[in-house]
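> Sequence order for the protein chains is W and G.
Residues in the first sequence are numbered from 1 upward in steps of one, following my numbering.
Residues in the second sequence are numbered from 1 upward in steps of one, following my numbering.
Incorrect hints may have been included.
[To be verified] Partial pick of chain G residues on the chain W-facing surface, computed with a CB cut under 7 Å: (1) Leu61; (2) Asp64; (3) Tyr90; (4) Gly91; (5) Leu95; (6) Tyr96; (7) Arg97; (8) Leu145.
Since the hints were derived computationally from the structure, they do not count as laboratory data.
Glycine included, C-beta positions come from ideal geometry on N, C-alpha and C.
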Amino acid sequence: MARYLIPLVLFIILAIFLGIGLTRDPKLVPSPLIGKPAPAFNLPRLHKPDEKFSSQMLKGKVSMLNVWASWCAACRVEHPFLMYLAGRDAVTIYGLNYKDERNDAKRWLVQYGGNPYTSIGYDHDGRVGMDWGVYGVPETFVIDKQGIIRYKHVGAVTEDVWQKTLLPLINKLKAE
Amino acid sequence: MPVPRILFSILLLIWLLPVQASIVAFDFDDPQKEARFKKFSEELRCLVCQNQSLADSNAELALDLRRELYKMINSGATDDEIVEFMVNRYGDFVLYRPPVKTTTYLLWFGPFLLVVIGLVILLSVIRKVSKQQDTKLSEEERKQLAELLKDKQKEN
């Protein structure tokens, strides 16, 4: 009997592992930056090029840094929801305008319903994005009061992502 | 008419210029640096199109990273520094050759483990089979066999 059971059990174990593999999204690469201080930057702001938006400003309160660009299609999807969050003052949202043209980015914000960001860094050559390990826009980082990256979401921030993942985490971090 | 034909050829060549310009070449003063650049751009994964290396990929990010690699190699960064730069940003996933550490032991040594398990099973099966061939019949079994054969003969 065992002679027939062993291959069957092995097959079932293999099928379970392969099945789990199928449900995972290979595009989601775990970020090595989780639990580490936000990589330092000092960028000109999108709307006020003479002023700076730096990584120092990420300290002191829980915030989200949203990486976006006018050429990014999925950013259009999440933009109304970011506007909704900003309107409700749910969390401070900073922007990192990644590999974009200043005028295109400004026009895009007007065209798609406004500016949800407290401050936007203009990362024209994408060098800051590289330090943050950005590989697919939009990406959203959750940063705690100490300026440490606690979570990274790749893809659009939707109501579902917000309710299930981001909001519980942000509430927890605010209580810390 | 030869003139339009020449004109046409020239036009074709002009048309080819932007095609050539889209391939960004990196010039090195030292062939050793060029070899390192080649090695690294083939061993690092492009995160946008995941089954391509930095050398193969035409994604914006891959181009940026090749440029960064070029800068690092020219400024004399060591191999470890280059790997550290990439892993700090994109994780071990960026390496086509993952490092040997506790979480990757199974990946590195799993195949050898399977070979060992296979050998053990093979040996035990061989031993079992050869034992079966060696077995001699006991006195009782021989009697039984003789009787069975006798029955068989009667039937015939």
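> A separate judgement is required for each hint: does it hold in the structure or not?
Verification of the supplied hints:
1. Leu61: holds, 6 Å
2. Asp64: holds, 6 Å
3. Tyr90: holds, 5 Å
4. Gly91: Result: holds, 4 Å to nearest chain W Cβ.
5. Leu95: violated, 12 Å
6. Tyr96: Since chain W brings no Cβ nearer than about 14 Å to Tyr96 of chain G, farther than 7 Å, the hint is violated.
7. Arg97: violated, 17 Å
8. Leu145: violated, 27 Å
When each numbered hint is compared with the structure, violations occur for hints 5, 6, 7 and 8.
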